[in-house]
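Trainee: Below, each chain spelled out in residue letters.
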Amino acid sequence: MGRPRRTWLKLVSPLAWSRKDSEQRFLASFSETERGSSVDMLAACELTERRDLRRKYFIHALDEARHSRMFARRAKEFGARQSRARAALDDANTLQTHGIVMGRPLFERYGELEFLAFVCRSEAMAVEQFGVYRELDFLDDKTNVMLDNILRDEHFHVGYSRTELERYTRQGRGAEVTWAQRKVFWRRPWEAWMRFSLRVGHVVTGIWMTLLYVLVVAPFKLGARREAAGWRAVKPDPRSRMAAARGQG
Amino acid sequence: MATWILGVSALFHDSAVALLRDGEVVAAAQEERFTRIKHDHELPVRAAEWALAEAGIEPTDLDWLVFYEKPLAKFQRILVNSVAEFPRAWRSFPRAMQSWLGRKLWVAGELSRTFHVPPQKLLFSQHHQSHAASAFLTSPFEDAAILTVDGVGELATTGLWRGRPEAPHIEPVAEVVFPHSLGLFYSAMTAFLGFAVNEGEYKVMGMAAFGEPVFMDEMRKLVRLDDNGGFTLDLEAFCWHWHPTESYTTRLVGILGTPRFPGTPFDPTTQEGKHWANIAASTQAMLEEALLHVARHARERIDSPNLCLAGGVALNAVANTRLAEAGPFENIWVQPAAGDAGGALGAALWAWHDVLEKPRTPGPFVCSLGRSWDADTAAELLEDLRAPRERLTEDTWLERVVDDLEGGGVVGWFQGRAELGPRALGQRSILADPRGEATRDRVNARIKFRESFRPFAPAVTAEAADRYFDIHPALAGPVRHMVATATVKPEHRELLAAVTHVDGSARVQVVHAEDSPRFHALLTAFGARTGLPVLLNTSFNLKGDPIVDTPIDALAALYSSDLDAVYVGRHRVTRSERVRGGDLKEYLPEEIRNAGAAPAR
Chain A
0 MGRPRRTWLK LVSPLAWSRK DSEQRFLASF SETERGSSVD MLAACELTER
50 RDLRRKYFIH ALDEARHSRM FARRAKEFGA RQSRARAALD DANTLQTHGI
100 VMGRPLFERY GELEFLAFVC RSEAMAVEQF GVYRELDFLD DKTNVMLDNI
150 LRDEHFHVGY SRTELERYTR QGRGAEVTWA QRKVFWRRPW EAWMRFSLRV
200 GHVVTGIWMT LLYVLVVAPF KLGARREAAG WRAVKPDPRS RMAAARGQG
Chain B
0 MATWILGVSA LFHDSAVALL RDGEVVAAAQ EERFTRIKHD HELPVRAAEW
50 ALAEAGIEPT DLDWLVFYEK PLAKFQRILV NSVAEFPRAW RSFPRAMQSW
100 LGRKLWVAGE LSRTFHVPPQ KLLFSQHHQS HAASAFLTSP FEDAAILTVD
150 GVGELATTGL WRGRPEAPHI EPVAEVVFPH SLGLFYSAMT AFLGFAVNEG
200 EYKVMGMAAF GEPVFMDEMR KLVRLDDNGG FTLDLEAFCW HWHPTESYTT
250 RLVGILGTPR FPGTPFDPTT QEGKHWANIA ASTQAMLEEA LLHVARHARE
300 RIDSPNLCLA GGVALNAVAN TRLAEAGPFE NIWVQPAAGD AGGALGAALW
350 AWHDVLEKPR TPGPFVCSLG RSWDADTAAE LLEDLRAPRE RLTEDTWLER
400 VVDDLEGGGV VGWFQGRAEL GPRALGQRSI LADPRGEATR DRVNARIKFR
450 ESFRPFAPAV TAEAADRYFD IHPALAGPVR HMVATATVKP EHRELLAAVT
500 HVDGSARVQV VHAEDSPRFH ALLTAFGART GLPVLLNTSF NLKGDPIVDT
550 PIDALAALYS SDLDAVYVGR HRVTRSERVR GGDLKEYLPE EIRNAGAAPA
600 R
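Heads up: the sequence lines are chains A and B, in that order.
Taking numbering that gives the first Met the number 0, the leading residue of the first sequence gets 0, the next gets one more, and so forth.
Taking numbering that gives the first Met the number 0, the leading residue of the second sequence gets 0, the next gets one more, and so forth.
Just to be clear, a hint being listed does not mean it is correct.
Unchecked claim - Capping the alpha-carbon separation at 25 angstroms, the derived lysine-lysine pairs in DSS-like fashion look like this:
no., chain 1, residue 1, chain 2, residue 2
1, B, Lys120, B, Lys103
2, A, Lys75, A, Lys141
3, A, Lys9, A, Lys220
4, A, Lys141, A, Lys19
5, A, Lys75, B, Lys357
6, B, Lys542, A, Lys75
7, A, Lys234, B, Lys357
8, A, Lys220, A, Lys141
9, B, Lys273, B, Lys357
None of these hints come from the bench; they were simulated from the model.
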């Protein structure tokens, strides 16, 4: 991670946390992130073929689930008025921060070695971030105690994943480890860029669709009317059953 | 050559698959059980992979893949509604277009690519047709009136169908269309009461028992029952037809007062708590009144004493019971995956019986259609996790479970194939002794981490059900699947305090040996020891998680809650610090290790 990120965190964190309702917003967002991580780690626990790692993944998953509950509880104590915070704390499915793409968990998409490199880097970043929070000491005592508790677990996560990567290196797979670490390093800005692009695309298409609605759809309003209430008979489909079943409309 | 049909429901909520071999269901599961994302709406890739592997076939062996609704018809409804609601739908239109033009409109291609099925093998059922098929084609009836009630499908929100002994088995009769929707009405009231839509509806149902329906005059203005057997909603009080995220307007707030803030503690003994309970009771009573009205109309139009119910609203156990008690039908059937997950099952069954015109023989329906784990694989996983476990013998294991339960323990019960649908019916359950309210409070607070007012369900052997519960004879089918309620006999309410709701009702599961032999054996053993063949049975999951599906999920629940033990097959697993073992300290930085701070559990 290094000095630039740490310096940046030191500069930005107190400002970011001083904004109105920032506590519940950040804590709720941490809660969701940890919950997503827990899902990813449980999947790794199930899918790994390395039986010696299964228990570590399992403990890691339990830790993340517990952190999620701790963050959520603390966010609730702050009031959780923001809608995102509110949603994340509710028990409905709002879980979006996870590594599953088209049913494929992070572990399956990355493979063991790259997954470990990802875990090591992500957890090290969390240690750095929470470490800065503690160092600057701008949070309240109760949140600080919670962060200390969580930091201990994060150190364990960094420790075991780093040890495993070192083991791979000792086994003569150093080049693979380095390559995986580089991929993990560069994937983060790439994914951030993709998310940014998607958001821009979303805004642009949103504007176009709004214009379409206002300029093109408007005239059709004259001929459109809402469906009537109450029962209405269903006409039998004139097509054969197979033809009707093949149709999408 | 066998005919293989894969039913798929996806892209909205609760995606699932159901695999048929010559019309027989060989596997069915929800994607959420695999991904651990509750109500997962993505294409059920992992569930499908598992189902095909379970059957020992490849995607190329599939004869048909049936999607549970018609995407173009749904898109048409969204377009027409956006025009009809101009200009106030200006915020929902762009969102809907992004979602539909970006993905949902092209679902055929995505299904074909994802499941490796050529486009000519794709079929599309209608949303409510899938629901209707999931109910009638799993029912024990030769003929029936079928009511499908949910939020919205393509255009319909409520469907009336005729179930026939020969093809077409499902014949459409009439429908009520969007935006008039009983499902959306209940969901809007769920949001008004501060609960999450598609999740909190059960809470409204539970909360209703604490109140009185004192707002019925207001409710009857919101949902007007028409002379023709249908209903009309006051669409100025609701906005699901033009707002992208909200479901009710200031008009509803004007009628019922300030909405409940999410997360506010609910205490029915306070004036505020009573107010929310009264709104919940009025909402529930209005839903029941409307359903009864619709059911009476169905009875007038369809000459059958049998009623099949499906759609999300059919999961409202209290309303189902009211239909049995006051409705015009002699028999009612609801299968446990009545929501969208069951759409996959219905679509597949519909294709077999109505598109391919295969005859149907009504028979028993068992919902244990999901993943199971053989003893060796489960043992290996448990061994890897160093979880303390005992492997019990055939002769002793049930006695050991009873020991735990009788001693006040709360145990996880992980046996056989997982259930389809939201109900835990003795395959993936948390079980406890139903005697005493303390058990209920402990399970709510320290195991399920959920609101204290929510009731728990009892499971009872079929042989003893009548001794403890008054069950309406029309509900013999639904009570097998915990989708109806019964009245706990007054003389047993004190005894069954943990599973008797405040109004004396219970969402009972009547367990037959042929449905769930192990669970039935456990109930019998518990009855032999205590004289009470009844157990508290709740789904094996923690708050916000789907029901557990693997031994690892089960252990994660054990280690994250106050559960006393988990029974994975005949393995009894308990909690221990061994899992986190001292050897893991080596991974901590020296300063933390020296400070004696082992990673906290």
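Trainee: Take the hints in turn and mark each one as holding or not.
Mentor: Hint by hint, here is what the structure shows:
Proximity of B:Lys120 to B:Lys103 is assessed by CA-CA distance (about 19 angstroms); at most 25 angstroms being required, the pair is judged to hold. Of the supplied pair hints, the one linking A:Lys75 and A:Lys141 holds, its CA atoms being roughly 13 angstroms apart against a limit of 25 angstroms. A threshold of 25 angstroms between alpha carbons decides the hint, and for A:Lys9 with A:Lys220 the separation of about 55 angstroms lies outside it, so the pair is violated. As the CA atoms of A:Lys141 and A:Lys19 are separated by approximately 19 angstroms, the hinted pair is consistent with the 25 angstroms bound.
Of the supplied pair hints, the one linking A:Lys75 and B:Lys357 is violated, its CA atoms being roughly 56 angstroms apart against a limit of 25 angstroms. Pair hint B:Lys542 plus A:Lys75 holds up; C-alpha atoms about 16 angstroms apart against a cutoff of 25 angstroms. Only pairs whose Cα atoms come within 25 angstroms are accepted, and A:Lys234 paired with B:Lys357 is accepted, the gap being roughly 24 angstroms. Taken as a hint, the A:Lys220 and A:Lys141 pair is broken in the structure, with Cα atoms around 57 angstroms apart against an allowance of 25 angstroms.
Taking the CA atoms of B:Lys273 and B:Lys357, the gap is near 54 angstroms; set against the 25 angstroms cutoff, the hint is violated.
Going through the hint list in order, the structure does not satisfy hints 3, 5, 8 and 9.
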